Structures are given as C-alpha cells and as structure tokens.
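Undergrad: Model the full structure from these sequences, guided by the hints.
Chains A and B, in that order, give the protein sequences. The numbers in the UniProt record's numbering rise by one with no breaks, and the one at position 83 of the first sequence is 83. The numbers in the UniProt record's numbering rise by one with no breaks, and the one at position 84 of the second sequence is 84.
Source of the hints: derived by calculation from the structure; they are not laboratory data. Note that the coordinates shown come from a computational prediction; the quantities given were computed from them, not determined experimentally. We put the beta carbon where it would ideally sit given N, CA and C, even for glycine. One thing to keep in mind: the hints can contain errors.
To be verified - Derived DEER-like restraints, expressed as beta-carbon distance ranges:
1. P99(B) x F18(A): 33 to 41 Å
2. H55(B) x L25(A): 38 to 46 Å
3. D45(B) x F74(A): 23 to 31 Å
4. A153(B) x S59(A): 31 to 39 Å
5. S102(B) x L14(A): 38 to 46 Å
6. K67(A) x L64(B): 13 to 21 Å
7. S78(A) x S102(B): 15 to 23 Å
8. G94(A) x L76(B): 30 to 38 Å
9. D45(B) x F77(A): 20 to 28 Å
10. A89(A) x G28(B): 40 to 48 Å
11. L57(B) x A85(A): 23 to 31 Å
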Amino acid sequence: MSTLWLWASDACLLIGSFLLLTGALGFLRFPDFYARIHACGVTETLATGFVLLGLLLRSDDAMPQVKLVLILLFVLFSSPTASHALAKAAWNAGVRPRDNSGKRRVSLPHTDP
Amino acid sequence: MRYSLAMAGFLAIFWLANSGHYSGLLLGLGALSVLVVSWISHRMDVVDHESIPLHLLFKLPRYLLWLVGQIFLSNLDLVRRVWRPGTPIDPVVARVPLPQDSDVCRVVYANSINLTPGTLTIDMEQDSLLIHTLSREGMDALQEGEMARRVTALEQ
Numbered sequence: 001m002s003t004l005w006l007w008a009s010d011a012c013l014l015i016g017s018f019l020l021l022t023g024a025l026g027f028l029r030f031p032d033f034y035a036r037i038h039a040c041g042v043t044e045t046l047a048t049g050f051v052l053l054g055l056l057l058r059s060d061d062a063m064p065q066v067k068l069v070l071i072l073l074f075v076l077f078s079s080p081t082a083s084h085a086l087a088k089a090a091w092n093a094g095v096r097p098r099d100n101s102g103k104r105r106v107s108l109p110h111t112d113p
Numbered sequence: 001m002r003y004s005l006a007m008a009g010f011l012a013i014f015w016l017a018n019s020g021h022y023s024g025l026l027l028g029l030g031a032l033s034v035l036v037v038s039w040i041s042h043r044m045d046v047v048d049h050e051s052i053p054l055h056l057l058f059k060l061p062r063y064l065l066w067l068v069g070q071i072f073l074s075n076l077d078l079v080r081r082v083w084r085p086g087t088p089i090d091p092v093v094a095r096v097p098l099p100q101d102s103d104v105c106r107v108v109y110a111n112s113i114n115l116t117p118g119t120l121t122i123d124m125e126q127d128s129l130l131i132h133t134l135s136r137e138g139m140d141a142l143q144e145g146e147m148a149r150r151v152t153a154l155e156q
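TA: Below, the structure is given as structure tokens:
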C-alpha cells in the first residue's frame, strides 16, 4: 500500500463527506418534500460513491473490495426505487410541490386535479 | 435454457467472489446451492429475458459510463444550488414522453431519471412519466430527450 493510494483515498473520503454535508444542508434548506428528496439524491449517489471508492483504495485485499463494489451497486439500484416510492406515496396522498418562497404552488400539468 | 445457464453462471461467479473459502467441502456446498437456486427459479418460472437481460449485457457498459457522467454533472449543479444564498431553485412538474416498449428499459429510464439528482419520477403511466425537477433547465434537458434516446437504443 503506497502513500499515493492513501492520499487518493483521503481525498475521496473528504469529497464524500463534503457531499454528505451538502445533502444534509440541502435537506434543511429546501422548501418542500419533493425538493428535499432531490437533496437526498446527492447523498445516495455521488457521496456514497466517493466514500466507498475511498474505502476501496484503502483495503489491499480483493475480498472486501468486491463487497464494497457490490454495496455500491445495490445502493445505486435501490435508492432511486425508494425515492420514487416516497414521491409516489406523497403525490397520491395529495402533497403538491411548492416553490422557493414555500407558499405559491408550482403549476401542474393540466390533466391533474 | 440459455437464461438458466447464464443465471447459474452468474450465481457461481457471485458465490466465488463473496466466499473467499475454496476448500473442497465449501466449493461442493456452493455448487449445490447454485443448483438448488437454479432449480427453484426454474420451477417458479421467473427465468426469462426480463430477469436475466442478456441482450443488454454488451450495450449497458457504454450507457452506464454516460450515466455516471450525467450523475456527476447534475450533482455539481445541485451542490451549487444548495450552497448559494437563497437556494435558487425553480421547481417544475410536467409530463415527459415514455417511448420505451419493454418493461426493463422503462425501469432503466425511470431509475436513471431518479439517479440524477434534480430530476425525480413521481408517477409512471402507459406512455408518459410525471416528473418533478428542481429547475427549468433540468426539465428542458429531459424533454429534449437525449437520455430517452440512449435508453431506447438499448432495446434495439
């Protein structure tokens, strides 16, 4: 394990942590339910990717590396499905998006009630 | 038969990659579990072109590379929006056409939209998707349809 790989791993972990922080901040700052799902999208795609890549560069055995790649694959398969399920449930329950001021309703396609 | 063999192959590779123990007894048990799982899936009649999309195998890597690039770009855009004062977002909800015929490609398309932060699939209908985006540009890009074209190209 050379120092170069450790530096690369540190950089990946730092970027991943920054992206996780960004996701959390977006979750707090965005005005409504749907916009907050977008903020979580940052944590579940690129942040997860960078954190797992950082861990991958840190391990020097093939077995944990294979498992980290599998974790990334499963997260990338399941997280969009989960956010779709949340959004659809909210939409069917009558939650409608709001704009940045948090008050005015966003215009919807006219076929919807 | 082709799909059953492919699935047994994938299962064997998966077992070998995850086990890390290669003594005779454990390899035998691994082979046995691959056989049992293959037999059960065959009896359940779930092994077909939909659960084992072999026809996508060689086209998928190129699409995935492009998708990773898109994920990077949309993440950067969202990071900028989060940290800027006043969180400059302008949500749009609209319908986007869903040109794919096969279920696999429809799911690939809807999941790709969800994987790029800033666009979210709310609902799926026969020939359209209900999409929420954080910005007008995000919706324009989807309606322009490059992602849809690339997913449709997987089908052919």
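Undergrad: Mind listing which of the numbered hints don't hold for this structure, in increasing order?
TA: Of the numbered hints given earlier, the structure breaks none, since each of them holds.
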